[in-house]
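These protein sequence lines map, in sequence, to chains A and B. The opening position of the first sequence corresponds to residue 1 in the numbering used here, with each subsequent residue numbered one higher. The opening position of the second sequence corresponds to residue 1001 in the numbering used here, with each subsequent residue numbered one higher.
Check before you lean on any hint, since a few could be wrong.
Unchecked claim - Derived lysine-lysine pairs resembling DSS-like cross-links, with alpha carbons at most 25 angstroms apart:
1. K1058(B) to K6(A)
2. K200(A) to K101(A)
3. K61(A) to K37(A)
4. K130(A) to K1058(B)
5. K294(A) to K1115(B)
The hints are simulated quantities; they were obtained by calculation from the structure and are not laboratory data. Quantities reported herein were computed from a predicted structural model and do not represent experimental measurements.
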Amino acid sequence: MKRNKKMIIAFITPALVTFLVMFVYPVIRTVIMSFFKVESLTASTSEWQFAGLDNYIGIWKTPIFRTSMINMGVIWLVGGVIVLSVSLLLAVILTSGVRFKSFFRAAIYLPNVISAVALAIMWIQYVFSKKYGMLTSFFRALGLDNLAKISWLDSDMKFWAMLIAFCFGAVGYYMLIFLSGIEQIPQDLFEAATIDGANKMGQFAHITLPLLKGVFKTNLTFWSINTMMFFVWSKMFSPVETEASTISPVVYMYNIVFGTKGVTQRDAGRGAAIGVTMALFVLIIFFIFNRVLKDDDLEY
Amino acid sequence: MAKEKKVREPVNWKKELRLLPGYLILSLWIIFTAVLLIWILAASFSTSREIFKGDVFKFASGFHWENYVTAWKTQNVSVFLANSLLYASCAVVGILAISSAAAYVLARFTFLGNKVIKSGFIVAMSIPLIMIILPIFNITTRWGMTGSRLLLIVLYICLNVPYTTTFLMNFFRNLSRSYEEAAAIDGCSPIMTFWRIMLPLAQPGLITVGIFNFLSVWNEYFMALIFASSDNMKSVGTGLFSMVNSLKAVGDYGSLFAAVIIVFLPTFLMYVFLSEKIIAGVTGGGVKG
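Isolated chain B (complex conformation) (with noise of 0.2 angstroms):
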C-alpha cells in the first residue's frame, strides 16, 4: 500500500504541475477582483480623508457605520432596493405565468403557427433595445401609461417572454410524454395535467430561469432610466447612478462606497447561494435553440 502511494503522488504533482500555468491566471483573476471587492468594502467604513491618503485598511479613526447611515437614509437607497425587489419579484411571476403556458403548448402540440412563434421568439432575443424603445414610449405616454410603476413591470414582462419562453421550452421538451397519457388515461384533463404534474415537473427549470430573470431585471438600467425617471420610482442602477453623482458633490466618498455595498450586496449574496442555478440559467436557455 505504501508503495503504491508514493508512485501515486509525483504523478499528481506532475499533472499540477503542469497546470500551474492555468492556476496563474485563474488565480491573478481572482486575486484583482479580490482587492476590488475588499478595498471597496474598507472604504466604506472610512472617512473621505482617509480614503484620499490611501489609509482605508488602518481604520484610524475606527468604523464609521454613519456611512451606511447616510447612504440608506438621506441617499434613499432603501427606496431604490425597494423598487427593484418590486420590479424583480412582479415580473418574474408574470413572466414564469405566461411563458411556462406557452412553453408547454409550443412544445407539446403541434398546430398552426407554432414554427413560427417558435421562430419568432428567437428573433426577438436578438432585437436590440433600441429598435424597440420609441414607439412603446410613444403609445404609452399618449394612452397616459407613463409614470407608474405597473407599466415597467409590464415591459420587463413582455421584453423576457421570449428567452424565457425558448428556455422552458427545451426543458418541457424533455419531458417524458407517458406522464400525459397516464394522467389521460385516468381521465385528467390537459389543462389539470399541466397543472398537477407537467408543471410540478417542470420546476426546476421554473426556479432557474426565474432566478436568471429576477437578477437581470434588478439590474437593469436603459428602461428604467427612460420609464421610472421620478426619484421615487428608481430602481438600483439608475438611482445609485444620480446618487453618486450628488455625493461626490458633497465629496462625501465613504458614504459613496456605502452605497455601492449596499447595492451590490443583495445580488452578491443571492449569487453565494445560488450560483449554480444562475450560471444554468446562461447556459442553458436558447443558445442552441
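Bound conformation, chain A alone (with noise of 0.2 angstroms):
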C-alpha cells in the first residue's frame, strides 16, 4: 500500500500542477483583477488600485462593447437554431439508415480539422466575393440578377456572411455528438414503436428527440463556450481595423487589453471585467438549461 501511495503521488502531482497553474489561480486573480483598475496587463498587483464595480459599470457603457454583445447574442441565437437544428436533421438523416454512412460524415466534419484561418479565407476570397464569387456566379447563372447582386462583405451584410460562413464549419462537431447519442438509444426501442404502428415522424418526436436531453445540454454548453470565445472569424472578416458590424466581446477585449490600430489607451481590469462577464453568462445558461432539460438519469 505504501509503494501505491508513493507511486499516486508521483503520477497525479505533474497534472495538478498544471491545472493549478493554468486554470485555478488564473481565474481567481481574473476575477480579483476585475475589481481594480489596472492600466497595464504587466504590472505588479501593487500598482492595482481598487475600483469596485468600475470596470464592469465601465464596459456597459461602452457603446462599442454593447455592440460586441449584441452581435455576440445574435449569433448565439440565431447562429444556435441553425447549427443545432441542422446538424440533427444530418445525424438523423445519417442514422436512416443511408448508405455512405461514414463518407458523408466525415466529409461532413472535415470543417473542423482545417484551421479556421484557411477555412474563412476560403468563404471570403472566394464564396462572397463579388467579382468571381461562388453565390455571385451562381444566382447569375439561375438568372437571379437581384441575388447576385448582393455584395456580401459590405458593412450591412458582412455579419450575416461571418455567421453564415461560421455556421458551415460549426455544423460538423455538433453533428457528431448528436450523432453518438442517437446511436446510443436502444435499437429496440423503435422496433417497438414500429409495431405499435408509430411513423418516422413520431418515433423522432416520442422517442429520438426526448432521449437526446442530455446530448443537447452537451451541444448546448459547447455552443455557448464556443460562441464566448467568437474570436478568429471576427478578425478575418476586418483583418485591418476592428469594425463594429463584425465585433466580438472578446476582439473588444483583446483590442483594449493588447491593443490595435486605433486604440491607444489600455485597459487591462475591464479586460478582466469582460472575461468574468463572459464566464458568468456560460454559467447561467448552463444553469437555465439544466433546470429546463433536466436529466432523468436513463439507463438502457
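With the hints in hand, could you dock these two chains into one complex?
Shown next, in the form of C-alpha cells:
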C-alpha cells in the first residue's frame, strides 16, 4: 500500500500542477483583477487600485462593447438555432440507414480539422467575392440578378456572411455528438414503436428527441462556450481595423488589453471584467438549461 | 433463386426512395464543399488576372507552380508549417505523458481528493480561454518567459491536460482489473505494471486522443497570436493571417490560394487516413463524464 501511495503522488502531481497553474490560479486572479483599476497587463499587484464595480459599469457604458454583446447574442441565438437544427437533421439522416454513412460523416466534419483561418479565407476570397464569387456566379447562372447583385462583404451584409460561414464550419462537430447520442438509443425501442404503429415522425418526436435531452445540454454548453470565444472569424472578416458590424466581446477585450490599430488606451482591469462577464454568461446558460432539460438518469 | 431476387430488389429500391430527401440534402452539402475546395485548388494554379475573370478552370496560361514557390519561400509558409509541427508534436508528447499517468491513478485508485480532481478537470474543460489568458500573460512576461517556443508548448500542454485525462480515464476504467492482479501475483511492481502492461493496452485510446490533440494544437489561433507574435515563431493560423494581408496588398491572389492549399493539405491528408480515429476523439471523451 505504501508503494501505491508513492506512485499515486508521483503520477498525479504533474497533472495537478498544470491544473493549478493553468486554471485555478488564473481564474482567481482574473476575478480579483476585475475589481481593480489596472492599466497595463504587466503591472505588478502593488500598482492595482481598488475600483469596486467600476470596470463592470464602465464596459456596459461603452457603446462598442454593447454592440459586441449584441453581435454575440445574435450569433448565439440565430447561429445556435441554425447549427443545432441542421446538425440534428444531418445526424437523423445519417442514422436513417443511408449508404456511405461514414463517408458523409467524415466529409461533413472535415471543416473542423482545417485551420479556421484557411477556411475563412476560402469563404471570403471565393464564396462571397463580388467579382468572381461562388454565390454571385451561381445566382447569375440561374438568372436571379437581384440575388447576384448582393455584395456580401459590405457592412450591412458582412455580419450575416460571417455567421453563415461560421455555422457551416461548426455543424460537423455538433452533428457528431448528436450522432453518438442517437446511436446509443437502443434499437428495440424503435422496433417496438414500429410494431405499435408509430410512423417515423412520431418516433422522432416521442423517442429520439426526449432521449437526446442530455446530448442537447452538452451541445448547448459547447455552443455557448464557442460563441463566447468568438474571435478568429471576427478578425478574419475585418482584418485591418475592427469594425462594429463584426466585433465580438473577445475582439474588444483583445483590443483594450493588447492594443490594436487606433486604440491607444489600455485597460487590463476592464479586460478581466469582460472575461468574468463571459464566464458568468456560460454559467447562467448552463444552469438554466440544466433546469429546463433535467436529466432523467436513463439507463438503457 | 431468381424469383427471390426479383422480390428483394423492389423492396430495396423502395427503401432507397424513401431516403431520397436525405440523400439529396447530404449530396448538396458535399457538392458545396467539393466545389469550394476544387475551385481553391484550381485558383492556386492560376494568375490573379484569370481568377478575376472567373476562368480558373481553363488554365489558359498553363499551371502556375510558381505560386507555390512564392508562398513557400518568399512568404515563409515553410517556417509556419515547421513551427506548427514542432508545437503540435512536442505538446502531444507532453500531454500524453502527464495525462496517461494521472488518468491511470484516477481511474484505478481511491485516494483523498480523487473526486475533487476529477470534477475540477471537467469544470476546466468549460472555462473560456479569456478567463485565464490575462494572468498567464502577466506571470510569463514578468518572469521573462515570453518570446520562446518552449513557453507556448508548455501552455498547450497545460491547456489540454484536463480533456485528455478525462478521456483516458474513461478508457482505463474499461480495462479489466485482472491484468493488474496477475501482474501483482507475478511480483511486478505497480509502476512496472502501468508501464509494461496497462499503457500498451491503452494504446488505441492514446493514439486517438493524441491525434485529436495534435490537430487542435496545430490549428490553434488565440494563444499563438498572443504568445508567438514574432514572424519566425508564428504557426499556420497566425502566419497565414498575416501572409494573406500582405499578398492581398500586392494583388498576388494565385499565391494567396497556394498558401491556403499548403496550409490545408497536411491536416487534410492526416484526416483522409485517420478520420475514424479523429471522429472517435470527438465523441469519446468527456461528453458523458
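query: Out of the numbered hints, which ones does the structure contradict?
result: Result: hint 1 breaks, nothing else.
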